[in-house]
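*Asks:* One-letter residues, chain by chain:
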Amino acid sequence: MARVMLGGTLKSLAGNTPVLEVDAKTIREVLDRVGEVYPSLLPILDRVAVAVDGQIYRNQWFAAVKPDSEVFILPPMAGG
Amino acid sequence: MPLEGDIAQRKTTFKQIGTRPIRPDGVDKVTGRARFGADASAPGMLIGKVLRSPHAHARIRKINTAKAEALAGVKAVVTRDDFKDRNDALRDVLVNCMARDKALYDGHAVAAVAATTAAIADKALKLIVVDYEVLPHVTDVDEAMKPGAPILDKTMFTNNVEPKPTKPSNVASRCEFALGDIKAGFAKADVVVERSFKTEATHQGYIEPHACLANLGPDGQGEIWVCTQGHYMIRNTCADLLGLDISKLRVTASEIGGGFGGKTTVFIEPVALALSRKSGRPVKMVMTRNEVFRATGPTSSTSMRIKVGTTRDGRITAAEADLRYQGGAFPGSPVELGAMTAFACYDLENVKAVGYDVITNRPKQAAYRAPGAPMAAFAVESVIDELAKKIRMDPVDFRLKNAAKQGTKSAYGPTFGPIGLIQTLEAIKAHPNYRAPLGPNQGRGLASGFWFNFAGQTCTTLNVNLDGTVALAVGTPDIGGSRASMCLMAAEELGIGYEQVRTIVADTSSLGYNDVTDGSRVTFASGLATIMAAREVIKKMCARAAKTWGISADAVTWEDGQAKPAGSNAGNFKPMSFKEIAAASHSTGGPLAGHHEINADGAGVSFATHLCDVEVDPETGYTRVLRYTIAQDAGKAIHPSYVEGQFQGGAAQGIGWALNEEYIYGKDGRLQNAGFLDYRIPVASDCPMIDTIIVEVANPKHPYGVRGVGETSIVPPMGAIANAVSAAIGVRMLELPMSPPRIVHALDSRLKKAAD
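Residue numbers (this note's numbering), protein chains in the order written: chain A, 60 to 139; chain B, 3 to 758.
If we strip away everything but chain B, and leave its shape as in the complex, we get (with noise of 0.2 Å):
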């Protein structure tokens, strides 16, 4: 719920929030004593393994496993018939664990062994023999769309277009976003950008590949170590798709090693459990950086056109999207997503912005940071670099000429509340970065950038321990720094030391249900919980000095960690510390504990403004980012450190995206790059020094103030860098990425274009 009785009391001045304390895991995770979703084992622990198509699409007429259930060491082998079918919404999740009648991409999974050593494991899935019937594929978006391409689904027919339409499409669905008349609108423009774009899929990119450890019993009573972002999804689905009772399911989350989004649904754990039932042991699944790249979760691959136009004064009058996500072998990519934020951070009568949601012979897509957004934003940032340039104007001047603000009826719909844009561009446009000089070869680009941010269900338990210390149980998965801001918001509340409070992330059977670490949520929504919960411990522990001293509850104040009188009349007794007051709980009614449930909303849309400065060999193609400044609104960060972090790791991610990183198919629909050899991530050595600035534009909902800052950052840096490399070598660049082949050609075209 939004912000009643307790939360609306807000708080403007604090001691610990805004501070910069040593993060609580920061000493296992530089020593190794950090337990991450592989460290995990156990008594008789079995090896899972898993058999993957080698086909983009094939039919799979039959699977023999004789011969692998026959070898020695072998316990269990699980295939299709070990997971009962369903015709609900999770039957797409259930046949991208385990593939049904068809394979549909190089590497969905079509039968699993586990075994008591790895060696045999792999052994065994040598020996399991599938009956392919190779089918034509399709693993681009452009192609998939047109008559006559490779239909993955016989049965799907694209929603929401009028007539309906009498024959199969790989198109699941259109959408459209719409304010004003945009014929009119362009009518009025004096110059008008029209573009079309394509930008490659591009995967997480964790470093800690997926890894669990399952243990079901013929009681059907069962627990999981594992590491995702939300051990409670991970417990509804595995039990929903494996028919057991949720309550008899435990999951302990462990370390994670990132997820960006990538680890907020299943793939290897309801495998896990079947074998581990199947076996009667133990069974501990790691993927391999391989697996990882062909069978989970990238984020979509898009073709895009972008139409704006302005007035020479620049004002915009229209801007138009047509946007075509291909989500992977199933319905569900993020084109709607893509749709509604395009265009969030500009001011506009018209707008028309039009999704269509694809399936290709690739894997799943799964979230990734403001999932859609970026490559949305990288074509329609484009874009306003480029009308910048026609109209002459300077590109912040233009977008603060058009900048969504409080009272903007959004592009997606809803009026904006109290919003940060303007203030990005502000910000970006005083810092020296925007006027440092720039030599040959190297050039500037800006992009602004929007995210929704959400919250959702949230539990947490504060226990007050008898030294006067706290436990702040969460559940939701640490992915960011989480754990040391749950810490600095109760601390902040109680009145005590940062250090005093120790968080941990609790198993599912230790508290009540809560949502995926996702969308941006968890300093907003878990934070929210943590200073509820710390304002009911604070009104319990009033009342037991209240009883202490004989006076009425209402008596007590509670000020800088202490009880105290609330004024003369109430007497005059010595304030009782937050320490004092723990260490007599046993005999002043016991345990003291706080505790609060909420669905949580408010979470604060944001946005953010990036500056890039990059130099481009225009021998190799090589491009070199110099500098790289991002603006963002926080809300209020809570520790500074973290939120920059967040911003940092937002446009190292994008420098990334930008630069290299793609999936490269090849033509028989095989993944050509599934490493990080192939598939270049950035290194330090790829990044400059990324100066940030913190905006802070309270958010109403939250009693300090915060807003979610996990994603924003990954929606602005493709634009910036491609406008920055567009500068840099007189060329629009309309694909991403712009690896050094695609900028030589790009340079040759122009030259050859020259010539003739």
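One chain only, chain A, in its complex shape (with noise of 0.2 Å):
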């Protein structure tokens, strides 16, 4: 099972929740069920940023989460 943390305003919108540990394959995955378990967070959840295993990805469902991954999704992020 792949441990899941929220930052910043994604933690305080699920209530300050902490690690979740989901079953998931792919990132898709683990916002699919992140949302089923936390609504609140699913106007939000297609514009975060998700790090995996230290890799930022932003838009990517397809990248690949392992049993052990270390998933931070984190606020949408942009830089100048």
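Hints in this document: simulated from the structure, not taken from any laboratory.
Misleading hints may appear alongside valid ones.
[As the list claims (entries may be wrong)] With a straight-line cut-off of 16 Å between C-alpha atoms, the simulated EDC-like cross-links for lysine to aspartate or glutamate are:
#: 1; chain 1: B; residue 1: K411; chain 2: A; residue 2: E129
#: 2; chain 1: A; residue 1: K84; chain 2: A; residue 2: D127
#: 3; chain 1: B; residue 1: K69; chain 2: B; residue 2: D133
#: 4; chain 1: B; residue 1: K407; chain 2: A; residue 2: D112
For clarity, every value in this text was computed on a predicted model and none was experimentally measured.
Two chains, two frames, a set of hints: combine them into the complex.
*Replies:* This is the structure:
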């Protein structure tokens, strides 16, 4: 089960939840599981960044998630 | 996607990468042939101008455009009524382009006209009558957060706080990033420093103002020529705001005279299209400098509290930040990025950063290189410097002892892969400037900084011409010399000369979607797509050679720009060069081209350390920067001159941000210094020769090891310069800019304190 943690405003939106463990093989599956558990996050989940084992992805549904992956769901991020 | 298949084919030795050829757009730019945003024209073109609010906050009761419309030469007038209101994520963008029920800041667009001449357009603006009900305003972030502050949006209640607020507020939301136990961490500290800081808003300061030429016909088909960091963003946003099909709007990006993040959104483009649609004529709009300052995005102004504790032997035990960023009249300041980056340079067990996104009666902030990070870094690096002094530890050694490295759990959560912060610190420590003697009134400071770097959606096509030259089409506007880097990467892969590749920025109808040029992404992402497109061409060329020789394609290999039989078993054929295969292409299968589309990720975070020496005149408060040295991790420098240019540009902008640049508002809420005479950006005489050290810790997610370099260099300067100025005058400087009046005030306060 991948360990999923929420960062910043997402954590607050989910009621300051600690670690969530989900059975998922891709980022899309992680987001689906998180959305099921925390419907309050649904409006924002299609815009979040997701860090899998330290690598940050934006809009990347099919990136692989391993059973022992560390997953952080981070707020939408953009540069200049 | 991250590296997969052929992308994983890493290169570590290069023939072209790392060389410094002349930039392909150089001659055009120095001879004036390059065409920027304002250089476009069209037959029958009208001139568009915008009427802007003189009030910081006012209800718009009525707009009467009758007299303006009746003026000879006026062909169209648009107001809020010409833009359909909406209730989605783009509403703030729309309202920022054209005010609806209220003018929310001095300079907010209220109406626009298109006329046959600029003089008539100006006259028409004066004939528009706007009935305003002036409202109380607030421009300071701390004032905006106080109970009783004028409320900009009575429907806004602070998000992410418990209990849910019952009263509206200018605080849009709260965010928090935390690790460990902050209280326990501070209990372990021998020395704690806690300070409050403020920074003023600064503008990106691009020399070219926003400009566009829009032409939208009655059939709903249109074109825009525009200076922008993202012409696909212009297309999609404008099409959405005006109710057009995306396919019917074609956008061409002009050359760009600076962007730095400020040209990643729309301002005048939807207005120009609306005027064109209404008048049936092409409409050209060029902002004045006054408009650029009053109505386009500066960065946030901030108010911050930083607290850091350390043991006497230099191990940080806890770090805490409260960050308050105002993002103008709409939510969306980069405070969350500030909170994530504030302590990213450090390996910390106990850390907490809280951010508040605040709205005020100022223009909507826009991205500015590493948005949100520089202000937080200024505050954090100032406290780190003070702690190092208190425990009598060398500031580089203090940072080295606490530096983030591979395997460190970052303060914003994820664990770092290979990173180069330690290498930048060691490079600075080894540089002669770190030991240069200092004279009276001189001080030395250093600071480190971090930025994420991003990649994103990218699409590239590489066409091979019959003469063996290559036309490379990318969709990412070149804001920092990226065409030269693309030429180098294509040439490296194909084994041909740099001069044989010409890179253009294609229009939106010629190439698939590309994200905006932002996030330090282009050399990484467009470079990755270019490499993959080139590898596709090589594969096709090998197949053509195989057919010519009558052998299997698998029996052909590519070396040094030539197709060769893979071994003696493949046959004895004379190698075919890139040029020979290109010349025969019409008879071997037709045109040769490579294409690649990708949603790239893995741009690789980067770190920099800056070292600065200053001399402060105690009589006038004037600060002269004596020496400036930068060490930054670039992963792999494709064109080292442009990497150094990015480093130096960040330092130059940082010198302005640190010492002079600020938005100054009067009591009436109007911007007092909307021009380069009163808003002082650094000129050549303000900058010393800036020394650069390119650190190369390869990014494992790029075939050459590239990391983004465009933004990290703006993160450390304010901290480095503040530490140098504080050392020079013996007073800790807590506000930016450290302009002469502020320094004189700080020195006077010190003298007064000593006398008391």
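*Asks:* Are the hints correct? Go through all of them and say.
*Replies:* Status of each hint after checking the structure:
1. Distance restraint check for B/K411 and A/E129: the Cα-Cα separation of roughly 11 Å lies within the 16 Å cut-off, and the hinted pair is therefore satisfied.
2. Under the criterion of a C-alpha separation no larger than 16 Å, the hint pairing A/K84 with A/D127 is consistent with the structure, at around 11 Å.
3. Only pairs whose Cα atoms come within 16 Å are accepted, and B/K69 paired with B/D133 is accepted, the gap being roughly 15 Å.
4. This hinted pair checks out: B/K407 and A/D112 have alpha carbons roughly 15 Å apart, not beyond 16 Å.
Violation of the numbered hints given earlier is absent; every hint is satisfied by the structure.
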